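Each chain, letter by letter, is given below.
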Amino acid sequence: MGIHKYSLLGGAFALACVLGLYAPAQAEDVTITVWSQDRDVRPAPNLVADYNKLNTGIKVEYREVPFDDLVNEALRAYSTGQAPDIIAVDNPEHALFASRGAFLDLTDMIAKSTVIKPENYFPGPLASTMWKDRHYGVPKATNTIALYYNKDMFKAKGLDPDRPPQTWAELVDAARKLTDPAANVYGIAFSAKASEEGTFQFLPWAQMAGATYENINTDGAVKALELWKTFLDERLASPDTLTRGQSDSTGTFNSGNAAMAISGPWELDRMVAEAKFDWGVTLLPVPEEGAERSSSMGDFNWAIFSSTKHPDEAFKVLEYFVSQDDRMFGDFGLLPARADIAVAETGQPLKDAALKVFVEQLKYAKPRGPHPEWPKISKAIQDAIQSALTGQMSSKEALDQAAKKIKAVLG
Amino acid sequence: MKGILSSIVDGKGFDIALVALPLTFLVTLSGLPLIYNVLMSFQQVDLFSLGTFWRPFVGLKNYAELFAQPETWPIFANTAIFVVSSIVGQFLIGFGLALFFWTNFPGASWLRGLFLVSWVMPGLVVGAIWNWILSGDFGVLNFLLRESGLTNGNIFWRSDPNYSLWGVIVANIWFGTSFNMILLSVGLSAIPSDLYEAAELDGANAWQRFRTITLPMMRSSIGALMALGLIFTLQQFDLFAAITNGGPNNSSNVAQYWAWELSFRQYDFAKGATVSVIMIVFVILASIVYVRSTRHEVRR
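Chains A and B, in that order, are what the protein sequence lines are.
According to full-length UniProt numbering, the residues represented by the first sequence are 1 to 411, in order.
According to full-length UniProt numbering, the residues represented by the second sequence are 1 to 300, in order.
Careful: at least some of the hints might be erroneous.
Claimed, not checked - According to the in silico footprint, chain A covers these stretches of chain B (three or more CB under 8 Å from chain A):
hint	region
1	98-112
2	226-240
3	245-253
As the list claims (entries may be wrong) - Cβ pair distances, simulated, as ranges:
hint	chain 1	residue 1	chain 2	residue 2	range
4	A	Asp133	B	Leu21	28 to 38 Å
5	A	Ala169	B	Arg55	51 to 61 Å
6	A	Gly81	B	Pro56	16 to 26 Å
These are computed hints drawn from the structure, not numbers from a lab.
Computed from a predicted structure; not experimentally measured.
Positions of the beta carbon are idealized from the N, C-alpha and C atoms, including for glycine.
Only chain A is shown next, with the shape it has when bound in the complex (with noise of 0.2 Å):
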């Protein structure tokens, strides 16, 4: 009995061996690789650092790829068959590679998590992860856009700096008074750049008024366009608004030559730092009183590869990556797309303020599409916005136009 107990021992110690050496080594075999835009100071090389620590058999690899190339580099890379397991897409180019079935299904994986829940996030973010009902990847992080004003110069000017222009015509009525060019200040700052930047800006302002991108000659986006005319018309806003992305526009608000500005809580840090007047934010203004609200969703959705050797052990990294979602804010600065975590208090009472206009506007955030087409439609809008404000077309014309190409896009 003895002798069987010793030799039972003994068989365990030499399995325990067995496994001890090899365990380790078949994990290694395993190996997920991430890519994503992220530097340093964001969430995905840090999450990815941290994982690995937790030795969990699955070795996560990090290749930062710059914004401008990792939707090139990640088609280049799924075509030729070496594209990565996971990736962090911004979420217009969603659809993009879910429609081509580019992105694992993970719906039914989703069902049985307990770490991944749909009812968790915020709709926009969600929606632009889904392709025709089926979940094409999590949301990573969102932003949205909102109204910044100068408290200061509201006050300078007879406006009331605890009430904020809500409506279009009292936004307009504000820039109006707030406009000093002896002083060289504009009334309102924001984007209508021939870039992404300018759909950006400009959607949510034709969605308050009833309109979407696939209707978007409507009297609402009309409107729309006409009230983005009448700031450039009557010069409340720079000229240079046609050309200048939304990072320098705001940047004008921080020097104190716009009263307002149009962007998204990723300005924050810079304002604090910059700003040097008492400064506030408020929801984006709508047509008239009591009407929807919209605005725009921005950064980036996690997704895994379909070409992946590992769905599972890439699902899991996902996992954790979205276990992490509550240090989304403090860690990194950037807004989690989850409802059901409170972003916490930094401190900052400015930016703290801020932050809580943000989570509400997020509510109101539209995803742009979701399609697969999305560039050339966005850029019939912003052909449209860019020949009304120049004058070259009448709005209504030039939404016609855009309609007609997004038509042809549609088909």
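Please build the complex by placing chain B on the supplied structure of chain A, with the hints as guidance.
This is chain B only, laid out in the frame that chain A set:
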């Protein structure tokens, strides 16, 4: 043909190797992509068929669609304006400077070297700097124009469709002038000075000497410069990306930027290739003109 044969027959083939090496290099690095590009313009290229070679052939459909787009002709017109104005501006200012430094005042060669600084700067840096200079509200250019009394309001160089293309042209002229100046300086210094001495003895004035000696002697330099200018201006992409993004409303869009935008922004690779093919045709036409115009010099 006989020469090639004899070199093979006599077993050396060294001259063939000399030709073959660069030729192989050219064919693999320039020829194949070029053919691939032309092929792509006749195919239906899809994002996901980008990695394969065999794709549905659609004939001239890409071309027909391209020319049906309202922005096509304005963009090609912009390209022509951009190329011609840039080359003329770069050449005239470059020639003026080259002649100026040719007078060889103290420190001339040193100053001339300094001018090259603009040429060695990366295009995106030049673009970023000009982006600030041309900025409507706070740009240096507007400040100078206003203070000197030439204008009384700000010109929105980047955002006014009447000026946007010219803003990029001004930046490009600045960018390319020093290169023109250096090449022309080399040409000028190659002219034997006794020609001028003889002409002066014969009583030719400065303008006559310039017209009858300098210009004819500079013919090949100028020809080469024009050909290079065409290539460089048609390659100019960075300034558009950095200053106007082709906007507003395509008023400063040119073929080379548009080709990139179609391929890598709208992922319409077939259309991007089509625009490139049209550009190639123009470059070939221009090079034929160039080769013909300098042919007699080659034979001389």
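Verification of the hints:
Coverage of a stretch by a chain is defined here by at least three residues with a beta carbon nearer than 8 Å to that chain's beta carbons; for the region 98-112 of chain B and chain A the count is 0, and the condition is violated. Only residues whose beta carbon comes within less than 8 Å of a beta carbon in chain A count, and the region 226-240 of chain B has 0; fewer than three means the coverage is violated. Requiring three or more residues with a Cβ within less than 8 Å of a Cβ of chain A, the coverage given for the region 245-253 of chain B holds, as 7 such residues are present. Under the hint 28 to 38 Å, the C-beta atoms of aspartate 133(A) and leucine 21(B), about 59 Å apart, miss the expected range.
At roughly 53 Å, the beta-carbon separation of alanine 169(A) and arginine 55(B) lies within the given 51 to 61 Å, and the hint holds. Between glycine 81(A) and proline 56(B) the beta carbons are some 22 Å apart, a value that agrees with the proposed interval 16 to 26 Å.
Comparing the model with each numbered hint stated earlier shows that hints 1, 2, 4 do not hold.
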